[in-house]
Amino acid sequence: MQFWIIQGLNSLSLGGLLFLLASGFSLIFGLMRLANLTHGAFFMLGTYFGATAMRANSDLSIWTVAVSAGVAVAAIGGLFERLVLTRLKTNPLGQVLVTLGMSFIISDACLALWGGDSIPVPTPQNLQAPTRLFGFVFPTYRLVLVGCAITAAITLYLLLERTRLGAMIRAGVDDAQMARAVGIPVANLFTIVFCLGAGIAGAGGVLGGPILSAYPGLDADMLPLALIVVILGGIGSLLGAFIGSFIVGFIYTFGTALFPELAYIILFLPMILVLALRPQGLLGRLGA
Amino acid sequence: MKWIAAVLFAAMLVLLPSVAGDFYVNLASQILIAAIFALSLNLLVGFGGMTSLGHASFLGVAAYISALLTSRYGFAHGPAAIVSIAGTTAMAAVFGVIALRASGLGFLMITLALSQVLWGLAYRMSNVTNGDNGIAGLTRPMPFGISLDSAASFYWFALAVASVSFLMMTTFVSSAFGSSLKGVRDQPRRMAALGFNPWMIRWITFIYAGFWGGVSGLLYVYYNKYIHPTSLSTTSSAEALLGVIAGGSGTLSGPAVGAALVLLLKNYASAYVERWNMLLGLVFLFIVLVMPTGIVPGLSKLLNLRRGSR
Numbered sequence: 000m001q002f003w004i005i006q007g008l009n010s011l012s013l014g015g016l017l018f019l020l021a022s023g024f025s026l027i028f029g030l031m032r033l034a035n036l037t038h039g040a041f042f043m044l045g046t047y048f049g050a051t052a053m054r055a056n057s058d059l060s061i062w063t064v065a066v067s068a069g070v071a072v073a074a075i076g077g078l079f080e081r082l083v084l085t086r087l088k089t090n091p092l093g094q095v096l097v098t099l100g101m102s103f104i105i106s107d108a109c110l111a112l113w114g115g116d117s118i119p120v121p122t123p124q125n126l127q128a129p130t131r132l133f134g135f136v137f138p139t140y141r142l143v144l145v146g147c148a149i150t151a152a153i154t155l156y157l158l159l160e161r162t163r164l165g166a167m168i169r170a171g172v173d174d175a176q177m178a179r180a181v182g183i184p185v186a187n188l189f190t191i192v193f194c195l196g197a198g199i200a201g202a203g204g205v206l207g208g209p210i211l212s213a214y215p216g217l218d219a220d221m222l223p224l225a226l227i228v229v230i231l232g233g234i235g236s237l238l239g240a241f242i243g244s245f246i247v248g249f250i251y252t253f254g255t256a257l258f259p260e261l262a263y264i265i266l267f268l269p270m271i272l273v274l275a276l277r278p279q280g281l282l283g284r285l286g287a
Numbered sequence: 000m001k002w003i004a005a006v007l008f009a010a011m012l013v014l015l016p017s018v019a020g021d022f023y024v025n026l027a028s029q030i031l032i033a034a035i036f037a038l039s040l041n042l043l044v045g046f047g048g049m050t051s052l053g054h055a056s057f058l059g060v061a062a063y064i065s066a067l068l069t070s071r072y073g074f075a076h077g078p079a080a081i082v083s084i085a086g087t088t089a090m091a092a093v094f095g096v097i098a099l100r101a102s103g104l105g106f107l108m109i110t111l112a113l114s115q116v117l118w119g120l121a122y123r124m125s126n127v128t129n130g131d132n133g134i135a136g137l138t139r140p141m142p143f144g145i146s147l148d149s150a151a152s153f154y155w156f157a158l159a160v161a162s163v164s165f166l167m168m169t170t171f172v173s174s175a176f177g178s179s180l181k182g183v184r185d186q187p188r189r190m191a192a193l194g195f196n197p198w199m200i201r202w203i204t205f206i207y208a209g210f211w212g213g214v215s216g217l218l219y220v221y222y223n224k225y226i227h228p229t230s231l232s233t234t235s236s237a238e239a240l241l242g243v244i245a246g247g248s249g250t251l252s253g254p255a256v257g258a259a260l261v262l263l264l265k266n267y268a269s270a271y272v273e274r275w276n277m278l279l280g281l282v283f284l285f286i287v288l289v290m291p292t293g294i295v296p297g298l299s300k301l302l303n304l305r306r307g308s309r
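Protein sequence lines, in the order shown, are assigned to chains L and W. In this text, residue positions in the first sequence follow numbering that gives the first Met the number 0: the first is 0, and each later residue adds one. In this text, residue positions in the second sequence follow numbering that gives the first Met the number 0: the first is 0, and each later residue adds one.
Next up, chain L with everything else stripped away, as it sits in the complex (with noise of 0.2 Å):
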């Protein structure tokens, strides 16, 4: 019992984490029609970001660092979107190629400065005391990043749903160039957007350190679940994100304590079935 207990509690907060960088990466493509590849290594960076900056100093709160961390990923893609993506306007497929060559360089650029060794990042030390709930025992800092997830989820419904900002976002989604003719200044949209989800790409990294590490490839490791995600959840819907990234983290999380071997061979069933039978995602609306 205990073990489908923690099984399914690590299920949730990898479905957190997997939420953080899908919904970036879900809100990108649903207004820009741009699968930023670069998202894993958006979370990568903030990983890493955060291994530095706890390790160098442990009184830091874990908010402190995923908030930090998150600005300065977010800088870093808005960057790259104002220099690099809006030159390519047009060409939609060399936006893709362009997002592919930034994540090889970011990638490579941490394999340089971070060495090739897997480094661990510490728990927070108010978080590493087990919860005691129902008689069993929980790691407190996986229930934490439940909660970050579910109030990330929250805080990004309420901003598309209730603020103009949010009108704006979607009525691009919906239909950019209405929206151009009426005065919504869909550029600027653009950049906001691809920094929100980098933002939130790279808090979530630090978030996730404590749990997966930061190491080279942990990009390719995350970009292949967040596009099974997505795939899963319908490309541009916030809650088809959130849907599909519980049900990627139970799937992986289960698969790999089950079946270790095969866990991303069953990866592939809930995305086949998906594609076989609403191939625009659970909740999508959009005809990729």
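It should be emphasised that the hints constitute simulated quantities derived from the structure, not laboratory data. Heads up, some of the hints might be wrong.
[To be verified] Short, incomplete list of chain L residues facing chain W, as computed with Cβ under 8 Å:
(1) LEU82
(2) ARG86
(3) LEU87
(4) GLY93
(5) ILE271
[Claimed, not checked] A short list of chain L residues far from chain W (calculated; beta carbon distances all over 12 Å):
(6) PHE2
(7) TRP62
(8) GLY134
(9) MET177
(10) VAL181
(11) ILE242
[What the hints assert, rightly or not] Just so you have them, the derived chain L footprint on chain W, three or more residues with Cβ under 8 Å:
(12) 97-108
(13) 287-294
Owing to the predicted nature of the structure, the values given are computational and were not obtained by experimental measurement. Here a beta-carbon is modelled for each residue, glycine too, at the ideal position from N, C-alpha and C.
Use these hints to put chain W onto chain L, whose structure you have.
Structure of chain W alone, referenced to chain L:
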């Protein structure tokens, strides 16, 4: 003129080992392998309008099947080659069904996800694939009893396979089917209205590209006598895609030129700098931003301009 140039070029290719040293002959063999791989990807990218980021799956899986069958299960090279090509082609048929549920960026993401899953499998299933250590100690086949262990003999073998593959892929795209493929790339709706089945045309092309990807994978594992999960990685797919785009997607010989350039760059750069991936990324940015139509079309445009001004 054109014929003379072609004959001269062919003679140059055949006679290369008698003038060049082993190092250059080996480099040329690698270029031939990369060229087959890039040409097969170009069927999808250039002629089918399907940008795949998972083409390394076919190269890697064919190489792994052949490596496993010959080293672990005692297969001779002939049957192993047949099984590995058949297996890779069957996998392409399955992957095609999955990936062609979407088009455009969705297609790209699905192919990427599928190939990343294979890459992860090659790393994790270490009792089968030997994980990060790769499979070493492989041998080259001996077609008709001829040993391919010398640089020159392997080069001629690769040249023969590459010539056949180039001819067959050229025939493929210049056939009536090739025209319908280009039609589906440019005007899928109109083609459907004309009674063609766009999905079927794309699927057949996907399988055919997977087949030649598998052939290049066999040559790859014969050449290196070693296989490692990196041959399945996104980097491997991306190198081929860069070759296709740098050379000019949708042209017949462009991707071969592009693949040669990428390979030469990789070989020379890795002698001086450790950071191949970073360089690859920078070259990607450069090509896409500066030469989006590729080097071969770019140069021929320049030539035409000069002719026009004369």
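Verification of the supplied hints:
1. Evaluation of the LEU82 (chain L) hint against chain W yields a violated restraint, the C-beta minimum of about 10 Å exceeding 8 Å.
2. Nearest Cβ of chain W to the Cβ of ARG86 (chain L): about 6 Å, under the 8 Å cut. The hint holds.
3. With a cut of 8 Å, the hint placing LEU87 (chain L) at the interface with chain W holds, because the nearest CB-to-CB distance is about 7 Å.
4. Satisfaction of the interface hint for GLY93 (chain L) is found here, the shortest Cβ-Cβ separation to chain W being roughly 4 Å, below the 8 Å cut-off.
5. With a least beta-carbon distance of about 6 Å to chain W, the hint placing ILE271 (chain L) at the interface is held under the 8 Å criterion.
6. Against chain W, the non-interface label of PHE2 (chain L) holds: every CB pair exceeds 12 Å, the least being about 21 Å.
7. The non-interface label for TRP62 (chain L) is consistent with chain W: the shortest C-beta to C-beta separation is roughly 32 Å, beyond 12 Å.
8. Under the 12 Å C-beta cut-off, the non-interface status given to GLY134 (chain L) relative to chain W holds; the minimum distance is some 35 Å.
9. With a closest Cβ-Cβ approach of about 21 Å to chain W, MET177 (chain L) is found to remain outside the 12 Å limit, as its non-interface label requires.
10. Interface exclusion of VAL181 (chain L) from chain W stands, the closest Cβ pair being 26 Å apart, more than 12 Å.
11. Every Cβ of chain W is farther than 12 Å from the Cβ of ILE242 (chain L); the closest lies at roughly 18 Å, confirming the non-interface assignment.
12. For the region 97-108 of chain W, the stated coverage by chain L is satisfied: 8 residues place a CB nearer than 8 Å to a CB of that chain, which reaches the threshold of 3.
13. Coverage of a stretch by a chain is defined here by at least three residues with a beta carbon nearer than 8 Å to that chain's beta carbons; for the region 287-294 of chain W and chain L the count is 3, and the condition holds.
The structure fails to meet hint 1 from the earlier list, while all remaining hints are met.
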